[in-house]
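Novice: Residue-level listing of the chains:
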Amino acid sequence: EVQLVESGGGLVQPGRSMKLSCAASGFTFNNYDMAWVCQAPKKGLEWVATISYDGSSTYYRDSVKGRFTISRDNAKSTLYLQMDSLRSEDTATYYCARRDYSGVMDVWGQGASVTVSS
Amino acid sequence: DIQMTQSPPSLSASLGDKVTITCQASQNINKYIAWYQQKPGKAPRLLIRYTSTLESGTPSRFSGSGSGRDYSFSISNVESEDIASYYCLQYDNLPWTFGGGTKLELK
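As given, the protein sequences belong to chains S and Z, one line each in that order. Quick note: the first sequence, position 67, residue 67 per our numbering, numbers continuous. Quick note: the second sequence, position 35, residue 35 per our numbering, numbers continuous.
In case anyone wonders, no lab produced these hints; they're calculated from the structure. Don't be surprised by glycine CBs; every beta carbon is placed ideally from N, CA and C. Be careful, since some hints might not be right.
Keeping only pairs whose Cα atoms sit at most 27 Å apart, straight-line, the calculated DSS-like set for lysine-lysine is [said to hold, decoys possible]:
1. Z:Lys-107 / S:Lys-19
2. S:Lys-76 / Z:Lys-103
3. S:Lys-42 / Z:Lys-107
Computed from the model, here is a short list of chain S residues facing chain Z with C-beta under 10 Å [stated by the list, open to error]:
4. Met-18
5. Arg-61
6. Tyr-80
7. Asp-106
8. Gly-111
Far from chain Z, by Cβ distances over 12 Å, these chain S residues were calculated [stated by the list, open to error]:
9. Ser-7
10. Pro-14
11. Ala-35
12. Val-37
13. Gly-44
14. Thr-50
15. Ser-56
16. Ser-63
17. Gly-66
18. Ser-71
19. Asp-73
20. Arg-87
21. Asp-100
22. Gln-110
Assemble the whole structure, with the sequences as input and the hints as a guide.
Specialist: Shown next, in the form of structure tokens:
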């Protein structure tokens, strides 16, 4: 079964850091680009970042550039999102998603909740 | 950035109705639009890719169409399990952008 499982969420103070992980199984992880998408409470979906299958290319939405870092460990079939200098507006559920060969995000994890608050 | 204007924000339907949601892109997105269903507390589920291609497991009562800047998503014969929020996504250009969502409720 193709599966993505996020971990690492929780409560963090403004200005601090948090790292999310996404463990993949059921498919050949290093064949796929991966992405993070967030959803603030009661709000819509927002793409956050994408990384190429081999980690050589990364892309970010403007609001997280310089603060968030997407990375991957293909040997461990795991995707990461390092979030630094967190702000209250980063409070959201963060989903990892697989980007398939046609470019669409076809498989999603269950989400990790991040709350930035003092 | 490409803006995706999705309407309506909410929709009330009776079982068996046909409902339609639209998404208008701020520029041509070459049919690279996907539609997702999201139920409360759950991850989005991909229903349709590339405007009109149904995912495996997506019931045939769901459909999509459009071109250029204008796209639509329909559910014919709404069933109780279709009560959810729906989002369009353009994946033609980075940053990928979602529509604001449509919440489908039962009348």
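Novice: Each hint: holds or not?
Specialist: Checked hints:
| no. | hint | result |
| --- | --- | --- |
| 1 | Z:Lys-107 / S:Lys-19 | violated, 43 Å |
| 2 | S:Lys-76 / Z:Lys-103 | violated, 38 Å |
| 3 | S:Lys-42 / Z:Lys-107 | holds, 21 Å |
| 4 | Met-18 | violated, 20 Å |
| 5 | Arg-61 | holds, 5 Å |
| 6 | Tyr-80 | violated, 18 Å |
| 7 | Asp-106 | holds, 5 Å |
| 8 | Gly-111 | holds, 6 Å |
| 9 | Ser-7 | holds, 15 Å |
| 10 | Pro-14 | holds, 24 Å |
| 11 | Ala-35 | violated, 8 Å |
| 12 | Val-37 | violated, 8 Å |
| 13 | Gly-44 | violated, 5 Å |
| 14 | Thr-50 | violated, 7 Å |
| 15 | Ser-56 | holds, 16 Å |
| 16 | Ser-63 | violated, 10 Å |
| 17 | Gly-66 | holds, 15 Å |
| 18 | Ser-71 | holds, 18 Å |
| 19 | Asp-73 | holds, 22 Å |
| 20 | Arg-87 | holds, 19 Å |
| 21 | Asp-100 | violated, 8 Å |
| 22 | Gln-110 | violated, 6 Å |
Checked against the numbered hints above, the structure breaks hints 1, 2, 4, 6, 11, 12, 13, 14, 16, 21 and 22 and satisfies the rest.
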